[in-house]
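Each protein sequence line maps, in turn, to chains A and B. Here the first sequence stands for residues 337 to 720, where the numbers follow my numbering. Here the second sequence stands for residues 337 to 720, where the numbers follow my numbering.
What the hints contain is simulated information worked out from the structure, not anything from laboratory work. A few of these clues could be false.
Okay, the calculated bits of chain B under chain A, using three or more residues with CB under 8 angstroms as the criterion [what the hints assert, rightly or not]:
#	stretch
1	353 to 360
2	403 to 410
3	559 to 568
4	583 to 590
5	655 to 663
6	668 to 677
Chain A stretches covered by chain B per the calculated footprint, using a threshold of three residues with CB under 8 angstroms from any CB of chain B [to be verified]:
#	stretch
7	382 to 391
8	419 to 429
9	468 to 481
10	644 to 658
11	665 to 675
For glycine and all other residues, C-beta sits at the position ideal for the given N, C-alpha and C.
There are 2 protein chains.
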Amino acid sequence: MSMSFSFQVEATQGAARAGRMITPHGEVETPVFMPVGTVATVKGIPQDLLEELGVQILLNNTYHLYLRPGVEQIRKLGGTHKFMSWDRSILTDSGGFQVFSLSELRKVTEEGVSFRSHLDGSSHLFSPESAMASQIGIGADIIMAFDECTEYPAERTRTERSMELTLRWAERSKNAFEAHKHEVPWFAERGKKSQALFGIVQGGMFPNLRKESAERTVEIGFPGYALGGFSVGEPREKTAELVANTVPLLPENKPRYLMGVGYPEEIVQYARMGIDMMDCVLPTRAARHGLLFTSEGRLTIKNQRFASDEGPLDPNCSCKVCKRYSRAYLRHLYASNEVLAQVLNTTHNLSYYLDTMRRVRQAIILGENSVSLPVVRSPHLSAT
Amino acid sequence: MSMSFSFQVEATQGAARAGRMITPHGEVETPVFMPVGTVATVKGIPQDLLEELGVQILLNNTYHLYLRPGVEQIRKLGGTHKFMSWDRSILTDSGGFQVFSLSELRKVTEEGVSFRSHLDGSSHLFSPESAMASQIGIGADIIMAFDECTEYPAERTRTERSMELTLRWAERSKNAFEAHKHEVPWFAERGKKSQALFGIVQGGMFPNLRKESAERTVEIGFPGYALGGFSVGEPREKTAELVANTVPLLPENKPRYLMGVGYPEEIVQYARMGIDMMDCVLPTRAARHGLLFTSEGRLTIKNQRFASDEGPLDPNCSCKVCKRYSRAYLRHLYASNEVLAQVLNTTHNLSYYLDTMRRVRQAIILGENSVSLPVVRSPHLSAT
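All chains should be built: construct the whole structure from the sequences, respecting the hints.
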């Protein structure tokens, strides 16, 4: 059996690292922003266009695929890579976060989380064991331990109890994964390679609990570590402080994944702190609402002032949308509620995010000082 | 001033012709199926993909663009080619048909048609003169005379009165066009070329009126002729009979355009009768409803029987959808109400229509007998 997963740091610049992951479906250069393909599609974007944009890894959501078309269906079809015809890397979340945020009726016990489907109200249970079974059946390259995402705000005792539960679930996740990892649909055809299971650090907004969670998760031992429980409503200064404190507690030779982040200036900021992987629905969801990220700040394309604007969306962007269409046309498509608005807006926003990450990576490799990392203008934070 | 518009018949096979139109924005091989890009977008399909599909000419709807973003807006932006970033040929309808079918409150007088916008209820008047002004401002390569599309069913006296009105409007359309054709936005930059104004034959379901309309429209004189007033609810045998009777009355050296047609087997049938141009929302609209045209008949992709089907949509199709994705995946996208379903379904249906027309053209050029024109299987007519 050859190595299923590897990660190499190739250059550093302060805390920031440029690295390279190798998964059973190819290489991923880090730091990397991973587009979200909820139900095995990045909304509105064909797979060949994702390739053209340089996407090396994308997300699928276990909760959604579990409900539709179902894990056994995907397994029968050879796993999610074959199902969605995407031969590069894929990561799945554990389903835990989605259950917390989407299900009205959920109940957490030591065993796991019982919940009702947002589609038809049917009853289901996710546990560390079932989350592993689902993620193995779906067959992404990187899968996540089943955790409890602590709500915000939460008291310290509640947060600690939640963290302890996540640690017990991490052990159970690892045990279940080790027992069944050979059941991934592409095990034989990929030279008996298996998936990589990442652990998740919780601990809410308490630095000491974050520290304890990090140390004890590392003790269990995973090929990569995620920081979970952020983007739950806390102030972004809090996130930044906790991430900065936690990163040094994680092994240098393993990838670090900050879940559910963020705005363009945030993904740059966290890459500087030594985060290697990030994902967020923001570029794709914002695109659907006509909110576009550019080198000149963000803009809301439905604004009347773009109706006669013959210029490109972003004069400094070389994506196919900026090279071909005017703001006036994009504004017209959005105002007319045309599907092409979503397709083109999403194409640009993804291009902007991926390009931002590539420039960060390049700066790290060239050893440029941190000031020369891409500057993301403040309008991102204020203007709409 | 060089020639603005030309049409050459390059080969014939029975009544069918293979020809070539040259417009100020390039060549169009006929017979041709023209995708409908209502508000300057073929719903969900980026322009580079239309180019890849081999689209040489597409439609814009004057009514829709007149209301949003407005003719003066498009003129200011250089015309619809620049506006939508499409440098190949475009045809606009006159707005007449849309007014008849979309406006609740319309009133026809000798002057024109007054109507209320379906968007905001505002009052407007379309006349031959204003329809020419709108179409010149939008700046398609081929524009249409303003006509009255006679409703179905209609009595003979009513149909004759309507036909006479259309003939008077045809004269007025031509006069207005000749007086203002140099005002097209790209007049100077395209070497003082202007648009081509086509006449429209009406006459309802009465062969004698169709004949009279054809003869008197030809007498007025246009560089191309359309058959209007079909696809209004009449039986398709009736359409076929009237088209077959009318085509021989039109000049051999001018393109013939059958408006608003049709199913795959119909576009083949009408090309055989000597029709050179057709347009229809069917391939794009059907795609949005999951109805897909294939060499094996048509299929409704949401059907449960496709949930585990790993085969391509159409094993005989070489479009990028059929080459990459399985029916199971397309079914999943449709069942999940994903935008990518519309993008991929539309891509395939357009590819199927364009490919069908290319094969018809090839058969005419090779002088194959009519039996060897592409056979479109009967399931198109029955199964869903």
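Now the hints, each set against the structure:
1. Closer than 8 angstroms: that is the beta-carbon criterion, and the stretch 353 to 360 of chain B has 0 residues meeting it against chain A, so the requirement of 3 is violated.
2. A count of 3 residues in the stretch 403 to 410 of chain B with a Cβ less than 8 angstroms from any Cβ of chain A is obtained; the coverage claim is therefore met, three being the minimum.
3. Only residues whose C-beta sits within less than 8 angstroms of a C-beta in chain A count toward coverage, and the stretch 559 to 568 of chain B has 0 of them, not enough to reach three; the restraint is violated.
4. Counting residues of the stretch 583 to 590 of chain B whose CB lies closer than 8 angstroms to any CB of chain A gives 0, which falls below the minimum of 3, so the coverage claim is violated.
5. Counting residues of the stretch 655 to 663 of chain B whose CB falls under 8 angstroms from any CB of chain A gives 4; the rule of at least 3 is met.
6. For the stretch 668 to 677 of chain B, the assignment as covered by chain A holds, since 7 residues bring a beta-carbon within under 8 angstroms of that chain's beta-carbons and 3 suffice.
7. With a cut-off of 8 angstroms between beta carbons, the stretch 382 to 391 of chain A has 3 residues touching chain B; three or more are needed, and the interface restraint holds.
8. Under a criterion of three residues with beta carbons nearer than 8 angstroms to beta carbons of chain B, the stated coverage of the stretch 419 to 429 of chain A is upheld, 3 such residues being counted.
9. Counting residues of the stretch 468 to 481 of chain A whose CB lies closer than 8 angstroms to any CB of chain B gives 0, so the stated coverage by that chain is violated, three being the minimum.
10. For the stretch 644 to 658 of chain A, the stated coverage by chain B is satisfied: 3 residues place a CB nearer than 8 angstroms to a CB of that chain, which reaches the threshold of 3.
11. Here's how the stretch 665 to 675 of chain A fares: 7 of its residues keep a CB closer than 8 angstroms to some CB of chain B, so the rule of at least three is met and the hint holds.
Going through the hint list in order, the structure does not satisfy hints 1, 3, 4 and 9.
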